[in-house]
Amino acid sequence: MTDRLGGYWLGARLDGGGQVIVREAYDESGARHALGVPSLPDAAARARLAASAAAAGQVRSLSVAKLTEARLDGEPPYLVSEYIEGPTLRQVVDGHGPYAGDDLYRLAAATATALAAVHEAGAVHGALTPDKVVLGATGPRLVGLGLGSGPGGDGEGPSGDVHAWGRLLVFAAYGSGDRLGHGERLDRPLRGLVAAALHHDPDARPSARQLLMSLLDAPQSQQGRLLPPGPIHDPPLGDRAEAVYLGLSPAEHDLVPDVFLRLVGPDSDGLDAVAPTPRDELIAGRSTEEVASIDGVLKAYAEAGLITERPDPAPGTLAITHGALLRAWPRLREWLDGERDGLPVHRELARAARRWEA
Numbered sequence: 001m002t003d004r005l006g007g008y009w010l011g012a013r014l015d016g017g018g019q020v021i022v023r024e025a026y027d028e029s030g031a032r033h034a035l036g037v038p039s040l041p042d043a044a045a046r047a048r049l050a051a052s053a054a055a056a057g058q059v060r061s062l063s064v065a066k067l068t069e070a071r072l073d074g075e076p077p078y079l080v081s082e083y084i085e086g087p088t089l090r091q092v093v094d095g096h097g098p099y100a101g102d103d104l105y106r107l108a109a110a111t112a113t114a115l116a117a118v119h120e121a122g123a124v125h126g127a128l129t130p131d132k133v134v135l136g137a138t139g140p141r142l143v144g145l146g147l148g149s150g151p152g153g154d155g156e157g158p159s160g161d162v163h164a165w166g167r168l169l170v171f172a173a174y175g176s177g178d179r180l181g182h183g184e185r186l187d188r189p190l191r192g193l194v195a196a197a198l199h200h201d202p203d204a205r206p207s208a209r210q211l212l213m214s215l216l217d218a219p220q221s222q223q224g225r226l227l228p229p230g231p232i233h234d235p236p237l238g239d240r241a242e243a244v245y246l247g248l249s250p251a252e253h254d255l256v257p258d259v260f261l262r263l264v265g266p267d268s269d270g271l272d273a274v275a276p277t278p279r280d281e282l283i284a285g286r287s288t289e290e291v292a293s294i295d296g297v298l299k300a301y302a303e304a305g306l307i308t309e310r311p312d313p314a315p316g317t318l319a320i321t322h323g324a325l326l327r328a329w330p331r332l333r334e335w336l337d338g339e340r341d342g343l344p345v346h347r348e349l350a351r352a353a354r355r356w357e358a
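Counting from 1, position 246 in the sequence shown corresponds to residue 246 in UniProt numbering; the numbering is continuous, with no gaps.
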């Protein structure tokens with residue numbers, strides 16, 4: 001996949017597998033989003049997803065990440081939604097252990113609230129898993145809306161979501177599996193609700209609204225918000241790059257613009273793009289002190305995962321890891337806006353200096 005898709009610059013892969021790849025993405029202003037690229041084998045699958053996305057666009061709930069754009073008529077098709085900072089339920093359970101007691105009730109109530117809002121808007125999630133629940137600063141948020149099976153697809157519709165909710169709660173309580181285990185982690189009435197959600201007959205399962213009403217009758221679900229187990233540290237690309245910049249020495253500061261501008265070049269359409277560049281080209285014509293500072297810049301940004309070494313076109317070639325950084329980092333946007341017309345000249349001068357030194 002290229003650095004851009006539509007009006008978005010692509011960053012790290014957030015989730016993938018199955019029929020959808022989700023990437024961090026930034027628009028031209030540097031705002032952060034989640035962008036999903038589904039695999040659509042035929043026209044029928046595309047039509048189902050279009051119906052699902054249209055319904056998902058009607059969902060209005062603070063418990064659900066908002067679907068902001070769906071472009072399904074191009075190649076590849078993609079959907080864009082609100083980016084929610086925070087760990088997923090899977091990450092929290094894997095890192096801190098299963099939920100129990102009041103926290104488990106709060107999780108059940110929050111996710112049932114989100115599902116009820118989705119279903120009442122005529123939408124279906126279709127892919128509810130522990131990876132699709134993010135523990136944000138204001139509590140659990142459902143993500144990935146519009147990327148699952150749409151109405152009339154291979155899923156079971158709302159009853160399929162309810163079954164997935166049951167599996168979600170089993171995972172949260174026991175850390176694995178989709179069957180009720182033994183022990184006190186899922187006590188009454190939550191145990192009964194989860195068992196009903198996991199009923200083998202879709203018609204016998206309760207609706208998300210019925211689950212929510214039952215949970216709200218339980219005092220455990222009304223004792224505050226369920227928050228992440230620790231501070232959320234999920235800074236956008238621009239903040240990460242700026243933090244590295246502020247930690248550099250004055251001599252290194254002076255060379256950062258030149259380093260990054262040499263790592264950018266025009267693509268075939270004349271637009272900004274990542275341009276892998278050999279280290280020799282970055283240091284050509286520099287003094288010993290400047291070479292040391294450039295290496296310090298490269299090391300700092302490499303340790304932050306923002307610059308990587310590539311084997312092509314030659315060993316020691318360096319590149320900006322994600323093209324999204326070109327829009328996500330305001331400082332780099334400013335440098336590019338000021339020097340864009342001269343970028344090809346800078347690159348050619350650097351190559352000439354490298355050839356001269358050779």
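Simulated from the structure, these hints should not be mistaken for laboratory data.
It should be emphasised that the depicted structure is a prediction, and the values quoted were computed from it without experimental measurement.
Heads up, a few of these hints could be off.
Below are the SDA-like pairs computed for lysine to any residue, each with C-alpha atoms no more than 25 Å apart in a straight line [unchecked claim]: (1) Lys299 <-> Trp335; (2) Lys299 <-> Ala218; (3) Lys299 <-> Gln210; (4) Lys66 <-> Pro130; (5) Lys299 <-> Asp269; (6) Lys299 <-> Glu309; (7) Lys66 <-> Val20; (8) Lys299 <-> Gly270; (9) Lys66 <-> Ala121; (10) Lys66 <-> Glu28; (11) Lys299 <-> Leu10; (12) Lys66 <-> Asp27; (13) Lys299 <-> His233; (14) Lys299 <-> Pro228; (15) Lys66 <-> His96; (16) Lys299 <-> Leu336; (17) Lys66 <-> Ala137; (18) Lys66 <-> Gly101; (19) Lys66 <-> Glu82; (20) Lys299 <-> Gly285; (21) Lys66 <-> Ala100; (22) Lys66 <-> Ala12; (23) Lys66 <-> Asp15; (24) Lys299 <-> Arg333; (25) Lys66 <-> Pro189; (26) Lys66 <-> Gly97; (27) Lys66 <-> Arg48; (28) Lys299 <-> Asp341; (29) Lys299 <-> Glu289; (30) Lys299 <-> Leu216; (31) Lys66 <-> Ala55; (32) Lys299 <-> Arg286; (33) Lys299 <-> Pro315; (34) Lys299 <-> Pro276; (35) Lys66 <-> Gln210; (36) Lys299 <-> Ser268; (37) Lys299 <-> Thr317; (38) Lys66 <-> Pro77; (39) Lys299 <-> Ala275; (40) Lys299 <-> Arg240.
Hints, one by one, checked against the model:
Between lysine 299 and tryptophan 335 the alpha-carbon distance is near 21 Å, which keeps this suggested pair within the 25 Å criterion. Among the hinted pairs, lysine 299 with alanine 218 is inconsistent with the structure: their alpha-carbon atoms are about 54 Å apart, more than 25 Å. Our distance criterion of 25 Å between C-alpha atoms is broken by lysine 299 and glutamine 210, whose separation comes to about 55 Å. Distance hint between lysine 66 and proline 130 is fulfilled; the C-alpha atoms sit about 18 Å from each other, no more than 25 Å.
With a C-alpha separation of about 31 Å, the suggested pairing of lysine 299 with aspartate 269 is violated against the 25 Å cut-off. Under the criterion of a C-alpha separation no larger than 25 Å, the hint pairing lysine 299 with glutamate 309 is consistent with the structure, at around 11 Å. Distance restraint check for lysine 66 and valine 20: the Cα-Cα separation of roughly 18 Å lies within the 25 Å cut-off, and the hinted pair is therefore satisfied. A threshold of 25 Å between alpha carbons decides the hint, and for lysine 299 with glycine 270 the separation of about 30 Å lies outside it, so the pair is violated.
The straight-line distance between the Cα atoms of lysine 66 and alanine 121 is roughly 13 Å, inside the 25 Å bound, and the hint therefore holds. Proposed proximity of lysine 66 and glutamate 28 is supported: the alpha carbons are some 19 Å apart, at most 25 Å. The straight-line distance between the Cα atoms of lysine 299 and leucine 10 is roughly 23 Å, inside the 25 Å bound, and the hint therefore holds. Only pairs whose Cα atoms come within 25 Å are accepted, and lysine 66 paired with aspartate 27 is accepted, the gap being roughly 16 Å.
For the hint linking lysine 299 to histidine 233, the alpha-carbon distance of about 22 Å falls within 25 Å, and the restraint holds. Straight-line distance between C-alpha atoms of lysine 299 and proline 228 comes to about 32 Å, which puts the hinted pair past the 25 Å bound. For a cut-off of 25 Å, the pair hint linking lysine 66 to histidine 96 is broken: about 28 Å separates their Cα positions. A hinted pair counts as satisfied when its Cα atoms are at most 25 Å apart, and lysine 299 with leucine 336 qualifies at roughly 22 Å.
Our distance criterion of 25 Å between C-alpha atoms is met by lysine 66 and alanine 137, whose separation comes to about 16 Å. With a C-alpha separation of about 30 Å, the suggested pairing of lysine 66 with glycine 101 is violated against the 25 Å cut-off. Restraint check: the Cα-Cα separation between lysine 66 and glutamate 82 comes to about 5 Å, which is no more than 25 Å; the hinted pair holds. Of the pairs offered as hints, the one joining lysine 299 and glycine 285 holds, with about 20 Å between alpha carbons and a cut-off of 25 Å not exceeded.
Taking the CA atoms of lysine 66 and alanine 100, the gap is near 29 Å; set against the 25 Å cutoff, the hint is violated. For the given pair, lysine 66 sits about 20 Å from alanine 12 by alpha-carbon distance, which is consistent with the 25 Å threshold. Note on lysine 66 and aspartate 15: the hinted pairing holds, with a Cα-Cα distance of about 17 Å set against a maximum of 25 Å. Only pairs whose Cα atoms come within 25 Å are accepted, and lysine 299 paired with arginine 333 is accepted, the gap being roughly 22 Å.
Proximity of lysine 66 to proline 189 is assessed by CA-CA distance (about 31 Å); at most 25 Å being required, the pair is judged violated. Straight-line distance between C-alpha atoms of lysine 66 and glycine 97 comes to about 29 Å, which puts the hinted pair past the 25 Å bound. Taking the CA atoms of lysine 66 and arginine 48, the gap is near 19 Å; set against the 25 Å cutoff, the hint holds. Between lysine 299 and aspartate 341 the CA atoms are separated by roughly 28 Å; this puts the pair beyond 25 Å, and the hint is violated.
Among the hinted pairs, lysine 299 with glutamate 289 is consistent with the structure: their alpha-carbon atoms are about 15 Å apart, no more than 25 Å. A threshold of 25 Å between alpha carbons decides the hint, and for lysine 299 with leucine 216 the separation of about 53 Å lies outside it, so the pair is violated. Taking the CA atoms of lysine 66 and alanine 55, the gap is near 12 Å; set against the 25 Å cutoff, the hint holds. Our distance criterion of 25 Å between C-alpha atoms is met by lysine 299 and arginine 286, whose separation comes to about 17 Å.
Between lysine 299 and proline 315 the alpha-carbon distance is near 16 Å, which keeps this suggested pair within the 25 Å criterion. Straight-line distance between C-alpha atoms of lysine 299 and proline 276 comes to about 16 Å, which keeps the hinted pair within the 25 Å bound. A threshold of 25 Å between alpha carbons decides the hint, and for lysine 66 with glutamine 210 the separation of about 24 Å falls inside it, so the pair holds. With a CA separation close to 30 Å, the supplied pair lysine 299 and serine 268 exceeds the 25 Å bound.
With a CA separation close to 14 Å, the supplied pair lysine 299 and threonine 317 stays within the 25 Å bound. Proposed proximity of lysine 66 and proline 77 is supported: the alpha carbons are some 18 Å apart, at most 25 Å. At most 25 Å may separate the alpha-carbon atoms for a hinted pair to count; lysine 299 and alanine 275 meet this at roughly 18 Å. At roughly 14 Å between alpha-carbon atoms, lysine 299 and arginine 240 fall within 25 Å of each other, so this suggested pair holds.
Checked against the numbered hints above, the structure violates hints 2, 3, 5, 8, 14, 15, 18, 21, 25, 26, 28, 30, 36; every other hint is satisfied.
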